[in-house]
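Trainee: Letter by letter, the chains look like this.
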Amino acid sequence: MLFRQAGVFHTNYAADRALFPIAADRWMIGILLIIGLAAPFVVNSLYLSSYLLPLLVWTAGALGLNLILGWAGQFHLGYAAVMGIGAYATVHANKAGIPWEIAILIGGATASIIGIGFAFAALRVKGLYLALSTLALQFVMDWTISHVPAISGGTQATLQAPDIRLLGQPITSDAGLYYVAFVWCILVTSFMLNLRRTALGRALVAVREKDFAAAVIGVNSFYFKLVAFATSSFIGGVTGAILIGTFYHAVTPEQFSVDVSIQALAMVIVGGLGSIIGSYFGAAFILLMPGAMNSLISWAAIRFGFSLSIETLAHLPQALYGALIIGFLLVEPLGLGKIYKNVRDYLLVWPFGYVKK
Amino acid sequence: MLAGHPVRYCNANPSSDGLAGSSRSTVSTCISNAARSSAWSARTGAARPPSPTPITGFYPPQRGRILLNGRDITGLAPHYIATLGVARTFQNLALFNGMSVLDNILLGRHIHMKPSVARTALYWWLGRRDETANRAAVEEVIEFLQLEGVRDELVDVIPIGLKKRVELARALAAEPSFLVLDEPMAGMNQEEKEYMARFILDARDERGVTVLLIEHHMDVITGICDRMLALNYGAMIGSGIPADVIADPRVVEAYIGGAHGAH
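Sequences listed follow chains A and B, in order.
In terms of this note's numbering, the first sequence opens at residue 1172 and continues consecutively.
In terms of this note's numbering, the second sequence opens at residue 4 and continues consecutively.
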């Protein structure tokens, strides 16, 4: 009813490779973009800057991690470290007088270079061993940042980030900061969408699926793993810098600790490996669900008149949140993105379910 | 030795018979004529000579060198050998699951494309032309191998006969000059075998590909091959025109059995 493939006729190969060949998809994307653009005018500023903005930034981060995890199939348990490198590099470059637009590129490039340097060593091993090596990156970065005063500004220090300036204009309003995050998220998303239809994306999937078969058709696995690490680290670095610039306004080592790496990993896995819309769902789930659970339980306690001890109130939402993650992954191991795809595939042929797309 | 063949194994350390090495992994003879298909047959049930693996660079031979059109390719990386015009298919299939048939065949064009981050990020300006041109080349192969009906299907869900054809399509999409087919008929029924045999002959005649076929089916070998080389535990026991080779008493003994067991 909503989605119809009948009547979509391509007359050239470029049209066949359009991002959204089905009209219903184009409408939905258009409406979502309009909602995204109009959000600062309709959503109150608390929700805008404490829910929507981090959601967009983290979605970009999750997409960057998805590039290495979902596309190239390489484990990365140190993604927060990469984001941290980008954030610190950007803040220092900005403090040194480099304009913010260029500083975030420096941040991304620094993250990318350190990521490649590390990948050179780490990519000699595969699977769980690679996962552990990337965890080492996390701990090495944690240690370096907190023990080198020139980077962190001293032990236990918080480094104030200068205000974002775009083309010399300071951006301090909630709406302005939101738009910065919005544009970055759109840029990363469009890159990932293009990845699905270009030779680079196919080569990465080939490396993930069967590296010996990839080699036989001329794909240099090691090179493409490096490209994946470099690109993903660049996206992570810039995302880290934008997270600091638009949300935290100050940078400390704890913002990029190992817990944050695990959280990013959870976004990608709950959302779905290799799924773009899944990264949106995953980021939303991981960021918003604990708070939502908390409010739900408090509301239920008042509504149904039972009293909960402070201890229970603190732990129950966490337990439910964990149970939900396990539940979703039991229902659909490929994550929320796959659940969305199942629904969409059902609607594509509804009410003629026997066609089974 | 035959003249004018693209791939030549040279034994640096020839054993008494001058061609075959004693070690099983030393494959040492020349095979295949230009634009001719030839069969490389090994004793059923015995360990097969690892012929495609040294040519495509996975395992370097223990002894000897491999020449491709006179160029020494021994020990080169597999992905580099692919750029020299060597393509192969696998006995047990090595398609990329989770991708469509079209994307699998497009991957065959990898060596003709320039994948890069810039072409992906700026697809509309930098990538589209290249993608479209290569798509046209892929569509030719799809038409050639009659895969139009499954173009957009996930490669995981199509039947094995079609999977083998998709793998052949991926190899042909690279426009190789030398194609190694590792038991392309394995697990196929008679009709699928006939289809595959027709496609191999068409690849040779219309696309000018030299084909090296590793095969156990004698009907296929005698039916479509121009040259045949029979191996027994890595040692060559016969070579020449298929009809002559299969009449060779040594080949008969290796493949069917000798008289010593008869009463």
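Hints listed in this document are in silico derivations from the structure and should not be mistaken for laboratory results.
We treat Cβ as the ideally placed atom computed from N, Cα and C, and that holds for glycine.
There could be a bad hint or two in this list.
[Claimed, not checked] Derived list of chain B stretches under chain A, where covered just means 3 residues or more per stretch with a C-beta under 8 Å from a C-beta of chain A:
hint, segment
1, 86-93
2, 108-118
3, 241-255
[Unchecked claim] Mimicking DSS-like on lysine-lysine, the simulated pairs with C-alpha atoms at most 27 Å apart in a straight line are:
hint, chain 1, residue 1, chain 2, residue 2
4, B, Lys196, B, Lys166
5, A, Lys1381, A, Lys1266
6, B, Lys196, A, Lys1297
7, B, Lys166, A, Lys1509
8, A, Lys1381, A, Lys1512
9, B, Lys196, A, Lys1266
[Unchecked claim] Each pair of labels, with its calculated beta carbon distance range:
hint, chain 1, residue 1, chain 2, residue 2, range
10, B, Lys117, A, Trp1521, 39 to 45 Å
11, A, His1420, B, Ala121, 29 to 35 Å
12, B, Leu125, A, Met1199, 23 to 29 Å
Trainee: All the hints need checking, so say for each whether the structure fits it.
Mentor: Verification of the hints:
1. 86-93: n = 4 at 8 Å, threshold three: holds.
2. 108-118: With 9 residues in contact (Cβ-Cβ under 8 Å with chain A), the coverage given for the segment 108-118 of chain B holds.
3. 241-255: violated (count 0)
4. B:Lys196 / B:Lys166: The hint holds at about 13 Å.
5. A:Lys1381 / A:Lys1266: Distance ~46 Å between A:Lys1381 and A:Lys1266 Cα, so the pair is violated.
6. B:Lys196 / A:Lys1297: violated, 38 Å
7. B:Lys166 / A:Lys1509: holds, 25 Å
8. A:Lys1381 / A:Lys1512: Distance of about 25 Å is within 27 Å: holds.
9. B:Lys196 / A:Lys1266: Answer violated: B:Lys196 to A:Lys1266 is near 70 Å, above 27 Å.
10. B:Lys117 / A:Trp1521: 39 to 45 Å: This hint holds: roughly 42 Å between Cβ atoms.
11. A:His1420 / B:Ala121: 29 to 35 Å: holds, 33 Å
12. B:Leu125 / A:Met1199: 23 to 29 Å: Between B:Leu125 and A:Met1199, where Cβ atoms are some 25 Å apart, the hint holds.
Hint compliance for this structure: hints 3, 5, 6 and 9 are not met, and every other hint is.
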